[in-house]
Amino acid sequence: MKEMVSSVKRDYIVNLASQGKRLDGRTLDQLREIEVRRGVIGTAQGSALVKLGNTQVMVGVKIEHGEPFPDTPTSGILVVNAELLPLASPLFEPGPPNEDAIELARVVDRTIRESQAIDLEKLCIKEGEDVWAVFIDIYVLDHDGNLIDSSVMASVAALHDIKPPKDPEWTLPTFPIRRKPVAVTVAKVNGVLMVDAGLEEENVMDARLTISTLEDGTICAMQKGGSGFLERREIEEAYELARKCGEEIRKKL
Amino acid sequence: MERPERLIVDGRRLDGRRPDELRPLQIKAGVLKRADGSAYVELGKNKVLVAVYGPKEMHPRHLQQSDVAVLRCRYNMAPFSVEERKRPGPDRRSIEISKVVREALEPVLFLHLYPRAAIDVFIEILQADAGTRTTGITAAAVALADAGIPMRDLVAGISVGKADGTVLLDLMKEEDQWGEADMPIAVMPRRKLVTLLQMDGNFTPDEFRQALDLAFKGIERVYEAQKRALREKYVPASEEER
Chain D
1 MKEMVSSVKR DYIVNLASQG KRLDGRTLDQ LREIEVRRGV IGTAQGSALV
51 KLGNTQVMVG VKIEHGEPFP DTPTSGILVV NAELLPLASP LFEPGPPNED
101 AIELARVVDR TIRESQAIDL EKLCIKEGED VWAVFIDIYV LDHDGNLIDS
151 SVMASVAALH DIKPPKDPEW TLPTFPIRRK PVAVTVAKVN GVLMVDAGLE
201 EENVMDARLT ISTLEDGTIC AMQKGGSGFL ERREIEEAYE LARKCGEEIR
251 KKL
Chain L
1 MERPERLIVD GRRLDGRRPD ELRPLQIKAG VLKRADGSAY VELGKNKVLV
51 AVYGPKEMHP RHLQQSDVAV LRCRYNMAPF SVEERKRPGP DRRSIEISKV
101 VREALEPVLF LHLYPRAAID VFIEILQADA GTRTTGITAA AVALADAGIP
151 MRDLVAGISV GKADGTVLLD LMKEEDQWGE ADMPIAVMPR RKLVTLLQMD
201 GNFTPDEFRQ ALDLAFKGIE RVYEAQKRAL REKYVPASEE ER
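Residue numbers (the working numbering), protein chains in the order written: chain D, 1 to 253; chain L, 1 to 242.
Looking at chain D on its own, in the form it has when it is part of the complex:
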């Protein structure tokens, strides 16, 4: 879902990009200011509010009893849901999640699941019958671009904020979280790569590539989006950007 952009605005952004410049004065490899607040919601086991420039995403994590999947009887359950709230953008409408919300939730899910940041095996209560289910609910409050990166930041921050549920069956000293996966989305605007695109940049981009990495540079998830294409050298360049900016983001989490 993209907003209409005037050709004047489009040309302006494209021209700036070709000179290595951006609307808000950033360089192509510069993130917007990041603010992370943990423990913002008392009724959630873990929560965080992330501000990335003017984009705001809140994540609440709830932990409840659940039944394990038959093929993983000793493994806890991870569920990620994303809501693009109508209060966050004039383009968001009430109703069941659309493909953008589903893609967002699934990219965050893959980043966290595949990084093995949560030790799901520790979340078993009774094999095949009862395990802990971790529900990550992503609430987009203000959409000014780059929802994937800000949602991963808020999710990881919220997971590291978790206080164990007050339940006699909870026996672990702490919540078993051990890593900080970070997603960096690189936008391609008329052949120029830039990180952390703002909404206006997103509206004119040809394609984007999200690369989620761990502390050691291992890639745990990727997702290309948008109706354009990427050359191989652009993919490799995007990885270098993801690694460099990922380090910066990780320090804030």
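Please note that the accuracy of each hint is not assured.
[Stated by the list, open to error] Listing some non-contacts, in silico: residues in chain L with all C-beta distances to chain D over 10 Å: (1) Ile-8; (2) Gly-148; (3) Val-235.
[Stated by the list, open to error] Label pairs and their calculated CB-CB ranges: (4) D:Gly-191 x L:Asp-15: 38 to 48 Å; (5) D:Glu-93 x L:Glu-57: 24 to 34 Å; (6) D:Asp-119 x L:Arg-92: 20 to 30 Å.
No wet-lab data here; the hints were simulated from the structure.
Where a beta carbon is used, it is the ideal one built from N, C-alpha and C, also for glycine.
Got chain D; can you put chain L on it based on the hints?
Chain L in isolation, oriented as in the chain D frame:
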């Protein structure tokens, strides 16, 4: 099903392939009577049928775009396509796949040639054995060409990944399920432009580069098979000999 102790023994995979080998691939263009374009692809045990309708008038009309045609893709798995019956209808996975498949095909189409029109691509997975979204893209590109829709290039899809620490081309179900990484990729083959790229699992930077190398090798073979299928349908045998 239990995970075998090893997925690769003496450099051979469970089905006897080497790490850089594709499964048997068969493509047929123009297999449906009513559709404007269609294709059927078998890749190993995958069986995928694609129909293209359009360019045609967009219904409902409020979805029309005044300057371009709208490409709509529906990736759908048959209830009988997997071991345990899949509940019919779209789920979150198929909604996401439909989106990335659409974005993988859009770059080859000249959508501005058909303002207000719709082009519908229906991808039906009849039998699944890992790599269905990329097989669907391979089939969809042939079906779009069969429909006579102008294209900059074909789009060929394949998956690469990792199992037992080895980077592999064209994962089969067991390697997808128990392996360490899966990376579906779609490419416009003539200029090697990537139109779909997803990945989950873990890749070191070096493995990632290896995986890309392997993917581009695989794409070449898929592309050859796509062109062969189109030639089989459209070039008379007498001309083929010349």
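Hint check:
1. At the 10 Å boundary, the C-beta of Ile-8 (chain L) stays outside the reach of chain D, the nearest C-beta of that chain being 21 Å off.
2. Residue placement check: Gly-148 (chain L) keeps its beta carbon more than 10 Å from all beta carbons of chain D (closest about 22 Å).
3. Consistency note on Val-235 (chain L): stated as away from chain D, and its beta-carbon is indeed over 10 Å from all of that chain's, at 28 Å minimum.
4. At about 41 Å, the CB distance of Gly-191 (chain D) to Asp-15 (chain L) agrees with the hint of 38 to 48 Å.
5. Hint check: Glu-93 (chain D) to Glu-57 (chain L), Cβ distance near 25 Å, so the stated range 24 to 34 Å holds.
6. Range check, Asp-119 (chain D) to Arg-92 (chain L): Cβ separation about 25 Å, and the 20 to 30 Å hint holds.
In terms of the numbered hints stated before, the structure departs from none.
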